[in-house]
Amino acid sequence: RLGQVPNLQDFIAVADLVVAPPTSARVVPTLALDRPLLLVGGASEVANQTDFLLDQGCAWHTADILRLGADLEVALGPERLAGLAEAAGRVGRVTGSVEVADALALILERRAELQGRVDGDSGDDEPDSPRTSGPFELIGSRGGRPSAAPAAPTGPFEAIGGGGDGGGGFTLPPIGGGGGGEAPEPGPAPPARPDARASAPTASPLSAAQAKDELAALIMVERDLERKLTQAQRDQEQWYQRLELARQWNETELAVEAERRLHAHQNDAARFEEELERIRAQKDKLKSRVRASRGGGGPRPPRPEGPPSPVGPPSRSRPAPESRFRSMEVERDLSSLKERLRRELEGEED
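Take the working numbering: the last position of the sequence shown gets the number 1497, and nothing is skipped along the way.
Derived from the structure by calculation, the hints contain no laboratory data. Honestly, I wouldn't trust all of these hints.
Calculated cross-link-like contacts (lysine-lysine; reagent style BS3-like; alpha-carbon spacing at most 25 Å) [unchecked claim]:
1. K1434 - K1485
2. K1375 - K1430
3. K1485 - K1430
4. K1432 - K1375
5. K1430 - K1359
6. K1485 - K1375
7. K1485 - K1359
8. K1434 - K1359
Work out the full structure, taking the sequences as your base and the hints as a guide.
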């Protein structure tokens, strides 16, 4: 950092590399002086600008301040620094502002000539056609001349106020006028609006495989949340007992810690309950879509007869008790998950 100096641009102009945050107001003036940049820090606020500078090769970015030394050493390498400086010269374009100002001055000098070209001669063969004097009115015409006659308005909004000698519009009656004037002829009927109910997107029917996959995923999340909720409730009870114990022993510091832990577990339990409600609502919606795709009926999948029996000859050596218990627990959980999935698909209550 050079501090608050009145001629900071003079220092930047002779620098080999300028280190600045991506959000600094000095980024653009630095590029205007053909100087490369080492951007340090987060660039979320100016992500598009930072990505452009990195793509053009005129800047080096390090988001982690702890890597500044290593990245600075890489950026100051002779080949890397020369490439950054060359790219900064292309992007900066010192004469860009001068070129824009010169172009605007040239337009002002030739204003009369350009206006004459736009006005032009409408010709004698179309005396009734309006003259086109502005550049925006000229858009859509051929050869700098307007078309012979504008197309009659066809929409309901374009026809409003187009009466008199207009083409196909209708005139609004005067406010409060109930005299003997003739009723205005109606203009073209507005296009029929599509039925909102017919155009509303409908939920695509689910196949049995898709329903099973989505429902199985929701059930797994639900079971995980149920376990977390149960554990949070246990921890909540434990720290409540500890809080009471600390108060009985007049341990103020321990009581404060126990109360803090108790509130944390209470917040966790409340959050898990909210997530469980959301997951169960998603399950209900999914089951409704499954019933709709089935038409309210259809064959139900057969009930599983029980956990699958092991396939293959029995092993001669019996495994250790721990591994046997784990295998049995896996089979039990798998059978429970299959049964729960079957009940969910059939719409039965747990």
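Here is how each hint holds up against the structure:
1. Restraint check: the Cα-Cα separation between K1434 and K1485 comes to about 16 Å, which is no more than 25 Å; the hinted pair holds.
2. For the suggested pair K1375 and K1430, the alpha carbons sit about 19 Å apart, so the restraint of at most 25 Å is met.
3. Under the criterion of a C-alpha separation no larger than 25 Å, the hint pairing K1485 with K1430 is consistent with the structure, at around 16 Å.
4. A hinted pair counts as satisfied when its Cα atoms are at most 25 Å apart, and K1432 with K1375 qualifies at roughly 24 Å.
5. At most 25 Å may separate the alpha-carbon atoms for a hinted pair to count; K1430 and K1359 meet this at roughly 11 Å.
6. For a cut-off of 25 Å, the pair hint linking K1485 to K1375 stands: about 22 Å separates their Cα positions.
7. Between K1485 and K1359, the direct Cα distance comes to roughly 10 Å. Compliance with the 25 Å bound is thereby established for this hinted pair.
8. Proximity of K1434 to K1359 is assessed by CA-CA distance (about 10 Å); at most 25 Å being required, the pair is judged to hold.
Of the numbered hints given earlier, the model fails none.
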